[in-house]
Amino acid sequence: MESELEVDRPGRGFLRRLLRRGPPEQPRRKEAVTVAFASGKGGTGKSFLTTNLAIGLHQRGLRVAVIDCDFGLANAHLLFGVNPRHSMQHLLGGQRTVHEVLAPTPFGPSLVAGGSGLSSLAELGAKHMQMLARALSQLADRFDVLLIDCAAGLAPQSMITVLAAQHVVMVTNPEIAALTDAYAVIKCLSRQIERPNIQLVVNRVTNPQLGRATFERLSEVSRRFASLPIHYLGAVPEDPSVSHRRLGQAPMLLEAPECETSMALRGLVATLEAQILETRSQPSTRGVEARMLTQIRRW
Amino acid sequence: MIRGPILPQLRDSLWALVSSRLDRIETGLTLILESLDCSEGELGPVEGLARDSAGGAVLVMLAVEGDALLSARALSAGHFVDRVGDGLVRAVPEANFCPGVPGRVLLVGTESAASAIQQVCQLPIAGLHACTLEPFRVAGRERFAVRWLATVPSRAMPSREASTDGSDLETSGSHGAPEVVGGQLKRQEFVVPPTRADLWEAVLSICERMDSAVIVHGDRFSRTISWNGNSLGEVRTVGGALVASSATGIVRDLREMRDVRRFGDQLLRAYVRHAELDFGQHDSQVESADRDSRTAGCLSTGEDQDSGRSSAPADSSGRFAATRHAVGDRRGSPIGESLRSSLAAAKLSPEEYSALGDPASVAGPIIGGSVANDRS
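First to last, the sequence lines map onto chains A and B.
Following the numbering used here, the numbering of the first sequence begins with 106 at its first residue and continues without gaps.
Following the numbering used here, the numbering of the second sequence begins with -1 at its first residue and continues without gaps.
Honestly, the hints are just simulated from the structure, not real lab data.
Since the structure is predicted, the reported quantities are computational estimates derived from the model, not experimental observations.
Beta carbons: idealized from backbone N, C-alpha and C, even for Gly.
Take every hint as true, because none was put in to throw you off.
Which residues of chain B face chain A? A few of them, derived with a C-beta cut under 8 Å, are:
id	residue
1	S336
2	R338
3	S340
4	L341
5	L346
Please model the entire structure based on the sequences and the hints provided.
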């Protein structure tokens, strides 16, 4: 067969555009680092950790927003001691913008409350998730860190939110039920194209060695069966005063700063902050909205 | 003794070889029937009746050395095609010929019959295409190359009332005399549906801008776009459609400029990969995401690949990047799987339960149902 077309003009146009978007350009302004708090089993302490770590990061000078994505069963606003007029329900219903829904808390971080108008995750369709992605993107332009309190379990909506984050703090307890459910989430994450950085927090440990031992067991299984290494963020000791806290009380980190639990929380804050700052120092990544939309497409 | 490659000179042997490989001579050429007598038995039958990629009838004739009736038979075949026209559509319904597409005569011969073919090419036969097969031996096996000699454009069909949008085909090039340089056809015209001609021009424009070494070549119904010997993609005429396939196997019907842009994007990705202008994982990730979206095929989020933000490359260094492993590192995790498939596959195996320290009889993981217990 004979050659037909031999063009001697140099490459330009499409190729130049493609080349231009190759090496990452320094953005004019850094987008917030997104951290999702996830767990396989409910009741492991995600909201407790989210609120306290948000306060800790705020105390270290970061602009922090907490987004309560435990739709319908949200309680982060209770832990912050606020009762916002507008919540995620209004945002996803299109009645309020994200800036109107965003509420300040007395302890520094801002909050997008989860609300109780949506009875279950199953009611959230692709359109809602796209609205959430857009909202997260808008928030990411205003803050340094977004902490997303995700729903427990493997619901697709929950996984989409988790996969939109750059760091995932997996919260578990030493019990076997929580451990297996946490591993199920890790296994699901291991099958994704873009896998976030997974940090494990073992909550409610009765001794410091138990946290490390729990991590090592889960890490070994994860590496062996899912080919996904996880990192150890730390452990939080069992503290009866946490579960006996009443409405209106200040978060643990502020009310009892010298207790063992607060000390452990501050350790988590320091480690997480270092990772957040390191992520922010890296070249620009795809934005949270793009990451989330990619997952919505794969739904 | 060293034996050179040979093609059979006997008509039957040559026809057995050619009839099984018509698609190698011209993309999409399919044999319908053998032995078509269109000269009332006086000149002998034409070897085959075939259907080309545009849906037109093609009378395939063999030219062998010493065939005294070759010119007469070719002339007769040409007149038959010209005379019958759309009549073959009804007469040979199993061929699914497209009404309004002019018929052709394809003359295939060996090098030994080249002079006879040249004589036939001098005859006023509308729609005549002629080629010779040049055999060669490689790795101990015989193959043949197709050398096109001449072509004469078909006459327009006398009546086009039966013409439909999909079958209304014309050549994209000139309808004048064929471009014959030194007895050899310089180029094979690419048949493009008139409604898609602008799209093909857009594809060519992209190829021109990509790199000066990008070459577009092919036969009457296909064009392969290649760079430095590496195929970047292919465009074919199938019926009334223009079908493009990328090097990664993505096939799309070019119906509007958006399809062309997407195909152009695939061409560029293939070019960048071959030219080693790769930027790390970005391309593979985006391609994987493309495949994912095709597999899932459920949502259009409006996130265009060409849009800046969503297409910005992933970071390639640091702790964050270190944990985003290469696609190939994963075990048992197909790239194209949807999110729901991933969730379904998250069920723990007995071995995993055992490794976590619990008997294998424990039930599977929760699937989105335990949120009611979350009162943290």
